[in-house]
Amino acid sequence: MAGLSKWFRFGRRARVPFKLLFARFRQLLDNNTRVLQIFADAAEKQSGEYVFDRTYVEGVVSELFELGNKIVYDLNSITDQRFAGLYPLLDQLRAEAIGDLSGRPVVPRTELCIPFTQIDESQVNLVGGKSAHLGEIASRLEVPIPEGFTITTHAYLRVIEENDLGPAIDAALARLADGDDRACLALGARLREARIPGDVRKAIRRALDAMLGRRRGLELAVRSSALGEDEDLSFAGQYHTVLQVSPDRVLDAYREVLASLYAPSAVAYRRQSGLPAHGLMAVACMRMVKAAQAGVLYTVDPNRPESGRMVIGAIRGLADVAVGGGQGMSTYELSREPPHPVLSYRPSTAQPLVVGRAAGAELAPAAAEGPELRDEDAATIAQLAERIERYFKQPQDIEWAREEDGRLYVIQARRLAISAPSSLPHDLAAQLESAELVLEGRGQVACRGVAAGRTHRLATLEDESALAAVPAGAVLVARLASPRLVRVMPRLAAILTEIGAPTGHMAALAREFRVPTIVDCGDLQALADGSEVTVDADDNRVYRGRIEPLLRYQLVEETGFEDAPEYRLLRRLLRRVTPLQLVDPQSEAFQASRCRSLHDVIRFAHEKSVEALIELHARGGVSGTEVARRLEGELPLNLQVIDIGGGLDPMVASTPRNAPVTSQAIRSAPMRALWLGLTAPGVWSTRPVGVDLRTFLSSAISPALTASSGRNLAVVSDLYVNLSLNLGYHYNMVDAFLCDDREANHIYFRFLGGASERGRRIRRAGMVREILERLDFAARQSGDLVVARLRKLPRAETGGRLEAIGRLIGFARQIDALMHSEERAMEFVDAFLRGDYTLE
Amino acid sequence: MGKLRILVLDDEPIVGKRLRPALAKAGHEVDVVATGAEALAAIDERRYDIVVTDIRMEGVDGLDVLRHVRARSPRTLVIMITGFATVDVARDALTTGAFDFIAKPFKLDDLRAAILRAAATLEQDAPPER
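Here the protein sequences line up with chains F and R, keeping their order. Just so we're aligned, residue 9 is where the first sequence starts under our numbering, counting upward by one. Just so we're aligned, residue -12 is where the second sequence starts under our numbering, counting upward by one.
Worth double-checking, as some hints may not be accurate.
Claimed, not checked - Simulated pairs of lysine to aspartate or glutamate, EDC-like, Cα-Cα distance not exceeding 20 angstroms:
id : chain 1 : residue 1 : chain 2 : residue 2
1  : R       : K94       : F       : D528
2  : R       : K12       : F       : D528
3  : R       : K(-10)    : F       : D547
4  : R       : K(-10)    : F       : D435
Don't read these hints as lab results, they were simulated from the structure. Values in this document were obtained by computation on a predicted structure and should not be read as measured data.
Throw the hints in and build the complete structure from the sequences for me.
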């Protein structure tokens, strides 16, 4: 490799040997793949199959950010420090992750107000536990909650800064620790008078306008949503709630709630609970429902957990729902089993109280006599409650309100504390012995949990009406694990599929929606009959009938595994690092400053490093073959080739630097094999589209690729190739060594992304993985990423596989638009392996 | 597999929390403790068929527990749970009489399999009393 000793000018300052740059580039690619694999591994850990601890999450954080920093370092050494701005972003993300791990949350200085509809659990540091919980219920479970928004902890910090209260808080806490609560009380008074900064005012005004629209006369409930509240701790009664707030009084109510953060009893409660004494207060503003009826629902009778009953307390007229332990409420007992028939009704004996102040519901006066709720209305409330319980895997205490027109809202949902020991089924193992097993150990668990319901066989995934017809609470039986099922997931009890993988996209969605799921079960005809079954995805079993003790058993675990602190930490971490926004390298937004997550950073780094290698060569002062040369010929790929020793015909060195080379000049053995595959007859066929090849490809790939700043690069030597090929948004990366010594031979292939909708991308990735496995590669798929390796095969076999990779790259490119269904994808696998690229 | 008496020791609460229901559901009697000292006391008080313990803990660690079990109740089998950094220690543990070890993070099925192996070994040695 004589060429490696050559030096060329790098940037304006230093000469860096290409060997070194290329080593950095390869390292960047390797680390990039490792990050993607950690993402996939960590996502799999969320299935509940794994036992892991905090140390594991700490390990993931440190490994991810170590790799992230290496990637950014390598990118910067290739690009003359053009992207040093990525370091502070990584530091910020890492600080947030470590803040979560250490229990000292870092507040992202982003939004000041967030509507409920845009809140999920990942924003807990901004919106507090209570709001995050409500947002989760509304978005994941499609449970109706009243409109509203949360004023974030970032806004709280703005208030503290604007009023310079930091020192006063420190002093008050110190004095409280010495037993003197006067400074805390004085602090409360200052917060009640605090000036609200202009940006916060404006954000609240905007959020109110968006919420109220043209409606007049609405009132709000303004409630605390402090960090730590409602997550593991109830903080019952520690913080303020202000009810019946007219929109023009929201700022006063806001100050009132903020002031309660440093009430001496609240500080004491935080200290006892092991939380930092310094609090962080977000505040939720929710429309007050004009309730015709309101009340509470316990999904399990706290006094008789084994009775199999739910309890509803209901009231109408002017009374206080939240206070008084249900006094003045009528009581309904319902069966826990769908369709939740009412088993008993006991009318209220006490006189209703006079003042109407439910937690978020203002009660309209009513004169009607008789039961407050019709049986079917009670059952509707029970169904919503059951959905929430199934998701959190814990008995729930739910506040509900029903408007005159029958619309039902959940105002709050929290864990219902029941005394576990009395309700533990003692002889569960014996009871399970006698139950009828329908399936055992057949499939693979994708999401743990236990649920019962009637089976519903989904004949086809293509028909929207078939999906719409899936009844609530069903155990869905499907042939394929398709991400399309996401539409019905919020209302499913469980999912069983004949085909699928726990690492697939549907499995990830099932975990997100916490639907107990077993995939890859094989033939499920026996379950197509609509009978009732109990799915135990903890033990990979399905029982005939409803096994009540088993269902109860999961409810008496202290917390569902998803709500264990370690799972929360991991989930929050993943939601922080894995979302990918920078998908289109051609778009304006593809900039370092637009990176939001670690995933954005590594995608950006990959793209820019390829670009930089090409550009360096384009303007560099090197001669000979080590210049990036444009390869022209059979395919309009705008491929630049850099020869690092014996990869191109030596004659090329004597031609002008900007002159293209043809494929005949390729001397690199592995590159020749790849090229043979890429140009194999039919592989790039455009017959279905019916336009001329060159026009189609150059328009379909992307305009910029045919311009001078092409992104496709092959670094070659006589025995080596490293190819980065971007076709549309999807990447192919091949790294291969090919010689007579089989021990040294390897192929590494990575396939990622696609320009189309996610479902199709994943199906296409599945097809690619299937083909690679049949070609003896060790291949792994997560989402739309496939990573495949093949090592130590003799020269002829390795060359043959490289050629196949070339064909696969071309084939996969053209079938993107045809990936309508899973079945179709599998047909393409067979067609490809037959050598049939016609796609008919 | 007969009904076994199992002691689980880990100072990370999640491990006990996850293991107890999984093992109890299979019909085993499970005690969960969070410190080595509690484990030593429990071992003195009851006879366990299997002890599952983390290797690295503050104070009395997994190896202390292992030694205690070997001295008090030679029939009891000890399964060690290790963090990935302590695999060497785990190898030492195997040579000093641990039955098996599992590295964190692990699948519940991995532990179930280890317990099945332990149960088979116990049955070979002597049929369970219960």
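Results of checking the hints against the structure:
Distance check on the hinted pair: K94 of chain R and D528 of chain F sit about 19 angstroms apart at the alpha-carbon level, within 20 angstroms; holds. For the hint linking K12 of chain R to D528 of chain F, the alpha-carbon distance of about 24 angstroms lies beyond 20 angstroms, and the restraint is violated. The suggested pairing of K(-10) of chain R with D547 of chain F holds, with an alpha-carbon distance near 18 angstroms, which does not exceed 20 angstroms. With a C-alpha separation of about 12 angstroms, the suggested pairing of K(-10) of chain R with D435 of chain F holds against the 20 angstroms cut-off.
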